[in-house]
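Based on the hints, put chain B in the right spot on chain A.
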Amino acid sequence: AQRVTQPEKLLSVFKGAPVELKCNYSYSGSPELFWYVQYSRQRLQLLLRHISRESIKGFTADLNKGETSFHLKKPFAQEEDSAMYYCALWGFQKLVFGTGTRLLVSP
Amino acid sequence: DAMVIQNPRYQVTQFGKPVTLSCSQTLNHNVMYWYQQKSSQAPKLLFHYYDKDFNNEADTPDNFQSRRPNTSFCFLDIRSPGLGDAAMYLCATSRELAGAYEQYFGPGTRLTVT
Chain A
1 AQRVTQPEKL LSVFKGAPVE LKCNYSYSGS PELFWYVQYS RQRLQLLLRH
51 ISRESIKGFT ADLNKGETSF HLKKPFAQEE DSAMYYCALW GFQKLVFGTG
101 TRLLVSP
Chain B
1001 DAMVIQNPRY QVTQFGKPVT LSCSQTLNHN VMYWYQQKSS QAPKLLFHYY
1051 DKDFNNEADT PDNFQSRRPN TSFCFLDIRS PGLGDAAMYL CATSRELAGA
1101 YEQYFGPGTR LTVT
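Protein chains in written order, with the numbering used here: chain A, 1 to 107; chain B, 1001 to 1114.
If you're looking for bench data, these hints aren't it; they were derived computationally from the structure. None of the values given here were measured: they were computed from a predicted structure. Each hint should be verified, as a subset may be incorrect.
With a Cα cut of at most 30 angstroms, we get these calculated DSBU-like pairs of lysine-lysine [stated by the list, open to error]:
id: 1; chain 1: A; residue 1: LYS22; chain 2: B; residue 2: LYS1038
id: 2; chain 1: A; residue 1: LYS65; chain 2: A; residue 2: LYS94
id: 3; chain 1: B; residue 1: LYS1038; chain 2: B; residue 2: LYS1017
id: 4; chain 1: A; residue 1: LYS22; chain 2: A; residue 2: LYS73
id: 5; chain 1: A; residue 1: LYS9; chain 2: B; residue 2: LYS1044
id: 6; chain 1: A; residue 1: LYS57; chain 2: B; residue 2: LYS1038
id: 7; chain 1: A; residue 1: LYS65; chain 2: B; residue 2: LYS1044
id: 8; chain 1: B; residue 1: LYS1044; chain 2: A; residue 2: LYS94
Excised from the complex, chain A in its bound form (with noise of 0.2 angstroms):
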């Protein structure tokens, strides 16, 4: 079975500063895996997969197939920034996804 670990359940930090959110996987085949982002009273959303080598509102991810990780990445965090973000992996027919990591920005 697939499982999604996001050890962190609050990461709060200053605008400016870097973030990483971090995820780490377990699969027996190939993952296709994806960051879903939830701001405040919105709908949860797709941020980015990693199929797509993309970058969406300045953030990055990179599937790391021998550390099993899948970590989320930003430089300079903003304000709007804060949200809940879940790791997600496709396998199986399903979307499983992590417990997520809330991201609390301050000024």
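Chain B only, in chain A's frame:
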């Protein structure tokens, strides 16, 4: 221009009293999913429909059922809610059943069981 709509947003039901949650979509997607999310936990897939084909997760309790009368609508029925069923219920859709296709989520229905 909401794409995935859930009604109601808040639902209070009594212990053992059947309840139905509703989801509709304007995206014409083939797949509709229901997730359960308890406080501080990950969203957990209950089941999904691919068109009319129903797929139940192995660990979804029998108490939970679903109906999809047409492409646009999908319902979650809880036959005899227990206190442990209090949660946020999320509906999502995707064009196809594959990781390459983004899932679009509704705002959720928060269920309280008294």
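Status of the hints after comparison with the structure:
1. LYS22(A) <-> LYS1038(B): Within the cut-off at roughly 22 angstroms; holds.
2. LYS65(A) <-> LYS94(A): holds (20 angstroms)
3. LYS1038(B) <-> LYS1017(B): Holds, at about 20 angstroms.
4. LYS22(A) <-> LYS73(A): holds (9 angstroms)
5. LYS9(A) <-> LYS1044(B): Status holds; Cα separation ~17 angstroms.
6. LYS57(A) <-> LYS1038(B): holds (29 angstroms)
7. LYS65(A) <-> LYS1044(B): The given pair, whose Cα atoms are some 24 angstroms apart, holds under the 30 angstroms limit.
8. LYS1044(B) <-> LYS94(A): With a Cα-Cα distance of about 10 angstroms, the restraint between LYS1044(B) and LYS94(A) holds, given a limit of 30 angstroms.
In summary, the structure agrees with every hint in the numbered list given earlier.
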